[in-house]
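Enquirer: Listed below, chain by chain, are the residues.
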Amino acid sequence: MANKHVNAVVIGAGAGGGVVAKELATAGLSVLLIERGRWHTFDEHGDDELTSQRTFPLKCGYGPDNEHNWRMASDGKGGWIKVFPNDWAYGNNAACVGSGTVSYGAMAWRFQPADFHLKTKYGAVPGSTLDDWPLTYDELEPFYEKAEYELGVSGDPTNDPFVPPRKNPYPMPAFSFNSEGIILEKAAKRLGLHPFPIPMLRNSVPYNGRPACIRMRTCVGFACPVNAKAGTQNTVIPVALKTGNCELRINCMVSEIIVDDKGKARGIKYFDADNKLQEQTSDLVVVSASASETARLLLNSKSSLFPKGAGNNNGWVGRNIQDHAYTGAYGLFADKLYDDVGPGACIAVNDFNHRMPDIIGGGVLCNEFIRMPYQFSSIRPSGSRMWGKDHKDFQKLNFKRHIAVHGPVQEMPVFDKMVEVDPVVKDFWGIPVVRISGFRHDNDIKVGRLLADKAEEWLKEAGAVQTWKSVPGKGSTPSQHQSGTCRMGNDPKTSVTNRYGQLHEIDNIFVADGSLHVNNGGYNPALTILALGYWVGGHIAEMWKGTHMK
Amino acid sequence: MLDAIVEQIIPTDDFPGGKWANVSNYIDKQLDTYYINHQVEYRDGLAAFEKTVIQLKSKKFEELPFPEQTAILEKMEGGDFPGEYWKAHSPAGFFDMIRQHSMQGFYGSPVHGGNREYISYHMLGLDYPNVIGQNRYNDLSWRKYNPNSIENGK
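Top to bottom, those sequences are chains A and B.
Counting in our numbering, the first sequence runs from 1 upward without gaps.
Counting in our numbering, the second sequence runs from 551 upward without gaps.
Same shape as in the complex, but just chain A:
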């Protein structure tokens, strides 16, 4: 039996797709939200570190699985190797209802106003496709606020002089600092920095029917056992489903957007939970499958007018993939400071984001989430013994005596850092797989080193007796912060969508995820992806009125 026609198919029930589905369903459109993964609960995973989304030597607990999914990655010698989701080279992002918002650390950053006009601020950067966004911070501000209020953010910007301007306070008070946060706050003030509590998509008090956070040590990389952490799976997706206008179809892998000879999308093809090929027709299609998988789907959707893939006649789909060049330092302390108050990350400084002379970009610096025992077993100064008595002694002595300060350096977009589909290799269903190649811009390395110096300085001021840095290299595999592959822009020659996430070339296909980012900010991108979901979803609902997009 054929599937019933719907107004909108939304592909991917993550940060972007969950919000769009809710915006469209509440506006009265019939919506199919289609997701390749399934629902997950804390109980089925527990606090198993070996299958978390943070460390995943055995598997990625929140998907995708190794049995159906693989990619090709550069082997560094001009060839390609097959990699699986739990290989670092795969660049995994969770595949489940809620996607990364189930298992993330839930930092709730707004990008800086300057992040929306980097080219104007810094000028053209050789070797980079750096550009301004086609929308301003002020235009996105109400949508940031909507995300903060509908999902729930705890924060307090009082002590951050560099906070992006906001019309209203956060809906919940900030979290208190844990013991390392208290130590770091004093040290930062002595250095003349401006420490403040990290805004979190996590309830500091009961909010929207969900309880307050219980300060688990296993937060980042794990589902929340009490739903204090806000994801689309426990906020907007249930709202969408409750309208009666939205169906969520799980365990379904979309293989292609059907584009007719007139250049209009007519629906999708997908493999259902029994791996049977199905068709679903719709008036419009929204792709929110993550920067790599969204690009893959568009590239795999070939038609007579778009032989290189949907919306790709200019060859920009899949280009400019970015992540973050994580950088920072570790410090060992004489006294025990671990207090088991999760999730660990609690304090940040914005002093190094666009505020360093002669430096392009920058990033926020934060203390890190709790490193669990297995993860900590690989954290050592270079040259350390990695096994035997010395290794065990280090583990025992320093597990409760170390602090990590890290930050996401804003990467300069590079045209040849890109997602393609492999010409030969196909996944379990026979769909051509992603392959990712290219290198970071030199500026990322330069800023990374500088920020690592700042992190080390901060730790030393806090009393660290030994410190070492961890700096980014040229190679990178964009994973949980992947972005930029379907950039929005005003010029159809140098972007994939317009300012509303609508493909320049096919007016009933929209993108709503990190793919739209012209650049990825010096922050964790989740809140920006959520805000863009409201921006794009709200725009579609507005266009739909009276026209039905016909």
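Keep in mind that the hints were calculated from the coordinates and are not lab data.
The beta-carbon is built from N, C-alpha and C at its ideal position, and this holds for glycine as well.
Just so you know, not all the hints are guaranteed correct.
Restricting the straight-line Cα-Cα distance to at most 16 Å, the calculated cross-link-like pairs of lysine to aspartate or glutamate (EDC-like) are [said to hold, decoys possible]:
#: 1; chain 1: A; residue 1: K302; chain 2: A; residue 2: E256
#: 2; chain 1: A; residue 1: K119; chain 2: A; residue 2: D358
#: 3; chain 1: A; residue 1: K396; chain 2: A; residue 2: D335
#: 4; chain 1: A; residue 1: K389; chain 2: B; residue 2: D564
#: 5; chain 1: A; residue 1: K396; chain 2: B; residue 2: D564
#: 6; chain 1: A; residue 1: K396; chain 2: B; residue 2: D677
#: 7; chain 1: A; residue 1: K4; chain 2: A; residue 2: D283
#: 8; chain 1: A; residue 1: K276; chain 2: A; residue 2: D427
#: 9; chain 1: A; residue 1: K426; chain 2: A; residue 2: E67
#: 10; chain 1: A; residue 1: K59; chain 2: B; residue 2: D582
#: 11; chain 1: A; residue 1: K389; chain 2: B; residue 2: E624
#: 12; chain 1: A; residue 1: K276; chain 2: A; residue 2: E256
#: 13; chain 1: A; residue 1: K121; chain 2: A; residue 2: D358
#: 14; chain 1: A; residue 1: K167; chain 2: A; residue 2: E145
#: 15; chain 1: A; residue 1: K186; chain 2: A; residue 2: D160
#: 16; chain 1: A; residue 1: K82; chain 2: A; residue 2: D422
#: 17; chain 1: A; residue 1: K269; chain 2: A; residue 2: E279
#: 18; chain 1: A; residue 1: K396; chain 2: B; residue 2: D563
#: 19; chain 1: A; residue 1: K400; chain 2: B; residue 2: D677
#: 20; chain 1: A; residue 1: K302; chain 2: A; residue 2: D422
#: 21; chain 1: A; residue 1: K186; chain 2: A; residue 2: E457
#: 22; chain 1: A; residue 1: K474; chain 2: A; residue 2: D442
#: 23; chain 1: A; residue 1: K59; chain 2: A; residue 2: D47
#: 24; chain 1: A; residue 1: K167; chain 2: A; residue 2: E139
#: 25; chain 1: A; residue 1: K389; chain 2: B; residue 2: D563
#: 26; chain 1: A; residue 1: K389; chain 2: B; residue 2: E618
#: 27; chain 1: A; residue 1: K189; chain 2: A; residue 2: D351
Between beta-carbon pairs, the in silico distance windows are [claimed, not checked]:
#: 28; chain 1: B; residue 1: D553; chain 2: A; residue 2: K400; range: 27 to 37 Å
#: 29; chain 1: B; residue 1: E600; chain 2: A; residue 2: S378; range: 27 to 37 Å
#: 30; chain 1: A; residue 1: G79; chain 2: B; residue 2: E618; range: 34 to 44 Å
#: 31; chain 1: A; residue 1: K396; chain 2: B; residue 2: S640; range: 25 to 35 Å
Given the coordinates of chain A, assemble chain B onto it according to the supplied hints.
Expert: Chain B only, in chain A's frame:
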């Protein structure tokens, strides 16, 4: 023999080492499931390792004194190891694989067959089970591992 290797990687001190913590059991279990692709590497690697040690020392690895075992693994790790019995994989690569898997087996969750009785959590002073929202108020430093206690099987 695998027991002797994992005991080198995480040796016994005030707290048990890799052998007591069932790290070999962890590896065995994974070779049937998640690490099924590593089966051949383990089989060939352990056989080659055994032959090489007998050639060098005229004894099995597990019969050698602890410091001699350490010295052998250090050479293996550094790539200074006779390669004649090794086919597809290098001795150094094989050692690093066992090293990584041992860390998983000792420090990861017991649900996968290692980290017996959460011994590594006790060692690090991480309370377990984690009674959500409560444990951090308790001082658990008294709760040291006692090898003679009933809960540790003696």
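Enquirer: A separate judgement is required for each hint: does it hold in the structure or not?
Expert: Status of the hints after comparison with the structure:
1. Between the alpha carbons of K302(A) and E256(A) the distance comes to roughly 8 Å, so the proposed pair stays at or under 16 Å and holds.
2. For the hint linking K119(A) to D358(A), the alpha-carbon distance of about 14 Å falls within 16 Å, and the restraint holds.
3. This hinted pair checks out: K396(A) and D335(A) have alpha carbons roughly 13 Å apart, not beyond 16 Å.
4. A distance of roughly 11 Å separates the Cα atoms of K389(A) and D564(B); the hinted pair therefore holds under the 16 Å criterion.
5. A hinted pair counts as satisfied when its Cα atoms are at most 16 Å apart, and K396(A) with D564(B) qualifies at roughly 11 Å.
6. A C-alpha spacing of about 14 Å is found between K396(A) and D677(B), which places the hinted pair at or below 16 Å, so the restraint holds.
7. Between K4(A) and D283(A), the direct Cα distance comes to roughly 12 Å. Compliance with the 16 Å bound is thereby established for this hinted pair.
8. Proximity of K276(A) to D427(A) is assessed by CA-CA distance (about 15 Å); at most 16 Å being required, the pair is judged to hold.
9. As the CA atoms of K426(A) and E67(A) are separated by approximately 13 Å, the hinted pair is consistent with the 16 Å bound.
10. Using a Cα cut-off of 16 Å, the hinted pair K59(A) and D582(B) holds, with the two alpha carbons roughly 14 Å apart.
11. Restraint check: the Cα-Cα separation between K389(A) and E624(B) comes to about 13 Å, which is no more than 16 Å; the hinted pair holds.
12. Restraint check: the Cα-Cα separation between K276(A) and E256(A) comes to about 14 Å, which is no more than 16 Å; the hinted pair holds.
13. With a CA separation close to 12 Å, the supplied pair K121(A) and D358(A) stays within the 16 Å bound.
14. For the proposed pair K167(A) and E145(A), the alpha carbon gap of about 8 Å is at most 16 Å, so the pair holds.
15. Between K186(A) and D160(A), the direct Cα distance comes to roughly 15 Å. Compliance with the 16 Å bound is thereby established for this hinted pair.
16. In summary, the hint linking K82(A) to D422(A) is supported, as the alpha carbons are separated by about 11 Å, within the 16 Å threshold.
17. Among the hinted pairs, K269(A) with E279(A) is consistent with the structure: their alpha-carbon atoms are about 5 Å apart, no more than 16 Å.
18. For the suggested pair K396(A) and D563(B), the alpha carbons sit about 11 Å apart, so the restraint of at most 16 Å is met.
19. A hinted pair counts as satisfied when its Cα atoms are at most 16 Å apart, and K400(A) with D677(B) qualifies at roughly 12 Å.
20. For the proposed pair K302(A) and D422(A), the alpha carbon gap of about 14 Å is at most 16 Å, so the pair holds.
21. Of the supplied pair hints, the one linking K186(A) and E457(A) holds, its CA atoms being roughly 13 Å apart against a limit of 16 Å.
22. A threshold of 16 Å between alpha carbons decides the hint, and for K474(A) with D442(A) the separation of about 7 Å falls inside it, so the pair holds.
23. With a C-alpha separation of about 14 Å, the suggested pair K59(A) and D47(A) falls inside the 16 Å cut-off, and the hint holds.
24. For the hint pairing K167(A) with E139(A), the CA-to-CA distance comes to about 12 Å; that is within 16 Å, so the pair holds.
25. At most 16 Å may separate the alpha-carbon atoms for a hinted pair to count; K389(A) and D563(B) meet this at roughly 8 Å.
26. A threshold of 16 Å between alpha carbons decides the hint, and for K389(A) with E618(B) the separation of about 15 Å falls inside it, so the pair holds.
27. Only pairs whose Cα atoms come within 16 Å are accepted, and K189(A) paired with D351(A) is accepted, the gap being roughly 12 Å.
28. A beta carbon spacing of about 30 Å between D553(B) and K400(A) agrees with the range 27 to 37 Å that was offered as a hint.
29. A hinted range of 27 to 37 Å holds for the C-beta pair E600(B) and S378(A), which are about 28 Å apart.
30. One distance hint, 34 to 44 Å for the beta-carbon pair G79(A) and E618(B), holds here, with the actual separation near 41 Å.
31. For the pair K396(A) and S640(B), the beta carbons lie near 31 Å from each other, so the given range of 25 to 35 Å is met.
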